[in-house]
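Engineer: Here's the letter readout for the chains.
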Amino acid sequence: MTRTAKLVAAGTLAAAGVVLSGGAAWAQEAAVTAEDVQANLDNVFVLVAAVLVIFMQAGFALVEAGLTRAKSVANIMMKNMMDFCAGAIAFFAVGYAIAFGTGGNDFIGAGGWFLGDGAFQYGTLSVPVTFIFQAAFAATAATIVSGAMAERTKFKSYFIYSAVISAVIYPIVVHWNWGGGWLAGLSTPFHDFAGSSTVHMVGGVAALMGAAVLGPRIGKYGPDGKPRAILGHNIPYAVLGTFILLVGWYGFNPGSQLAADGAIGGIAVTTTLAAAAGAITAMLAVWARTGKPDVAMTANGMLAGLVGITAGTAAVSNVGAIIIGAAAGLIVVAAVFFFDRIHVDDPVGAISVHGVCGAFGTICVGLFATEDTDFWQQGLFYGGGTSQLVSQVIGVVAIAVFVAVAAGILFTVLKATVGLRVSEEEELAGLDVLEHGAPGYGPDTTPAIPSTSRPGGRTTTVPTGASS
Amino acid sequence: MIKLVTAVVKPQMLDPVKDGLKGMGVQGITVTEVKGFGRQGGHTETYRGAEYTVDLVPKLKVEILCTLDDAEQVMDLIRKCAHTGKIGDGKVWMLDVDRLMRVRTGEMGEEAI
Chain A
1 MTRTAKLVAA
11 GTLAAAGVVL
21 SGGAAWAQEA
31 AVTAEDVQAN
41 LDNVFVLVAA
51 VLVIFMQAGF
61 ALVEAGLTRA
71 KSVANIMMKN
81 MMDFCAGAIA
91 FFAVGYAIAF
101 GTGGNDFIGA
111 GGWFLGDGAF
121 QYGTLSVPVT
131 FIFQAAFAAT
141 AATIVSGAMA
151 ERTKFKSYFI
161 YSAVISAVIY
171 PIVVHWNWGG
181 GWLAGLSTPF
191 HDFAGSSTVH
201 MVGGVAALMG
211 AAVLGPRIGK
221 YGPDGKPRAI
231 LGHNIPYAVL
241 GTFILLVGWY
251 GFNPGSQLAA
261 DGAIGGIAVT
271 TTLAAAAGAI
281 TAMLAVWART
291 GKPDVAMTAN
301 GMLAGLVGIT
311 AGTAAVSNVG
321 AIIIGAAAGL
331 IVVAAVFFFD
341 RIHVDDPVGA
351 ISVHGVCGAF
361 GTICVGLFAT
371 EDTDFWQQGL
381 FYGGGTSQLV
391 SQVIGVVAIA
401 VFVAVAAGIL
411 FTVLKATVGL
421 RVSEEEELAG
431 LDVLEHGAPG
441 YGPDTTPAIP
451 STSRPGGRTT
461 TVPTGASS
Chain B
1001 MIKLVTAVVK
1011 PQMLDPVKDG
1021 LKGMGVQGIT
1031 VTEVKGFGRQ
1041 GGHTETYRGA
1051 EYTVDLVPKL
1061 KVEILCTLDD
1071 AEQVMDLIRK
1081 CAHTGKIGDG
1091 KVWMLDVDRL
1101 MRVRTGEMGE
1111 EAI
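As you go down the protein sequences, you meet chains A and B in turn. 1 is the number of the first residue of the first sequence in the working numbering; add one for each residue after it. 1001 is the number of the first residue of the second sequence in the working numbering; add one for each residue after it.
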């Protein structure tokens, strides 16, 4: 049978099938409502957004690898890999239930453990789609910390930290806010649309505690106590990673609408404008300060703008987004200088980008929200008074204090038990070989080859006792 | 008599040096990326707002094996081709080579150049 003949035959069979089951097919089609189509659209959109957020893991990995030294590059990649893997399993097992379970109280959720009976689903979204989107966010909060603790942390201890933040610390904060806990129950509910503080500040504050408990890298501070630059080994990685994070943010922010509706486009615009403004002002600030437009700091500025807009991305105007992003770009530069000065060594700027700008962006909702809605009150700058601003400040302070205490305890316990920091010898040699067995950039060598099969065109047969 | 002429030059001057050596009929050179300091010293730069000193400046080391007759000309040519007149142009020097052998054929001495 030719190809055409086959197609004709198949077509005929299909046509017959339609005729035979015609009644049923029509009945089914009529049952598909606009709501069903919308629900499918919502699920598809949020799943795609979740995948974009998961792609941000690649961005974090590259930014952190690029801004640290080559001798520990395999270690930083490994930490990023395990942030996602430990985070996914921990959030599936307990995190999701603590965050969204309805059986708990205002401070901690319970129910739907291991995605079982009672697992939370939002609106039109299915349980799996709701979960995968939230799990992607949990992994984001966890992975922020690895850069700040780079080049000196024991891998074993980091792995334990990573599981705990995704299993317990981050989910508790989520429960307060998105899980319907006490921050959502304030008389003017706390509003953090996509997680400036719920995700980013959680990671940033945990990063601050980790870096503070660890202490600075050897050589970061001279005998005079002045900070010294420790150059990142691959600026193209850092910038490529920043771009990947930018792309991922189009899942992070618009996806947090949790529906494929008319709002997502506007959210994408405020996200874009804040990112651009943050990069420009950070570049100008460091340029004015040191005389050169530093590339790594400019990349931090773009991320600062993104973190800053994440809370108010749906609530502020386009001009508001530019102002928030621009301010975040200036704040991140000042914060990097500040943490350098107080001897908190953060090789990638994670504390400044995610912690400081996360807090700033969350508070900005109370200043820049353009109007009253069901989800937020008009901000102070638009004549809406201080009610939203007060709720934002309460939320930021509460989350920051909780995470600082929880992460502080966690890192202190790890330090006293497993040990948090590698030996001085290992730190100087780089973590790759001693923690993981092989360098990130291995020498281009060939393993020793038996003399009977050396390459080079000629076969040299060397008689040995065994073969002759 | 075989000489080893070694030059340390600015990386961007490699092409003129290489072309000049090829032009005078030099059969082979070896180039290595090196770092060091001379009277040029170092200078201060900034990264993420913090200062650091670049005290080892990247250079290229060019090595040429040649006969005594050619060696003076090779040195002069490198001086001419690698010269910018600014600090950090590098150095060129010459050493005696006791023995020289071509790995492929086993030829010795000037035959192996």
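In case anyone wonders, no lab produced these hints; they're calculated from the structure. Keep in mind that the hints are not guaranteed to be accurate.
DSS-like cross-link-like pairs, simulated, lysine-lysine; straight-line CA separation at most 27 Å [stated by the list, open to error]: (1) K1035/B - K71/A; (2) K1018/B - K1035/B; (3) K1086/B - K1035/B; (4) K220/A - K1086/B; (5) K292/A - K1061/B; (6) K1061/B - K1010/B; (7) K71/A - K1086/B.
If you want the ones that stay clear, here's a sample from chain B, every Cβ over 10 Å from chain A, calculated [stated by the list, open to error]: (8) M1001; (9) L1004; (10) L1014; (11) G1023; (12) V1026; (13) V1031; (14) T1046; (15) A1050; (16) E1051; (17) L1056; (18) K1086; (19) M1094; (20) R1099; (21) L1100; (22) E1111.
Selected chain A positions facing chain B (in silico; Cβ < 10 Å) [stated by the list, open to error]: (23) A58; (24) K220; (25) V286; (26) E435.
The C-beta atom is built at its ideal place from N, Cα and C for all residues, glycine as well.
Engineer: Decide, hint by hint, whether the structure agrees.
Structural biologist: Hint by hint, here is what the structure shows:
no.: 1; hint: K1035/B - K71/A; result: holds (19 Å)
no.: 2; hint: K1018/B - K1035/B; result: holds (20 Å)
no.: 3; hint: K1086/B - K1035/B; result: holds (18 Å)
no.: 4; hint: K220/A - K1086/B; result: violated (33 Å)
no.: 5; hint: K292/A - K1061/B; result: violated (31 Å)
no.: 6; hint: K1061/B - K1010/B; result: holds (9 Å)
no.: 7; hint: K71/A - K1086/B; result: violated (35 Å)
no.: 8; hint: M1001; result: holds (33 Å)
no.: 9; hint: L1004; result: holds (27 Å)
no.: 10; hint: L1014; result: holds (22 Å)
no.: 11; hint: G1023; result: holds (33 Å)
no.: 12; hint: V1026; result: holds (27 Å)
no.: 13; hint: V1031; result: holds (18 Å)
no.: 14; hint: T1046; result: violated (4 Å)
no.: 15; hint: A1050; result: violated (4 Å)
no.: 16; hint: E1051; result: violated (6 Å)
no.: 17; hint: L1056; result: holds (13 Å)
no.: 18; hint: K1086; result: holds (21 Å)
no.: 19; hint: M1094; result: holds (33 Å)
no.: 20; hint: R1099; result: holds (24 Å)
no.: 21; hint: L1100; result: holds (22 Å)
no.: 22; hint: E1111; result: holds (23 Å)
no.: 23; hint: A58; result: violated (22 Å)
no.: 24; hint: K220; result: holds (9 Å)
no.: 25; hint: V286; result: holds (6 Å)
no.: 26; hint: E435; result: violated (25 Å)
Going down the numbered hints, you'll see the structure goes against 4, 5, 7, 14, 15, 16, 23 and 26, while the others check out.
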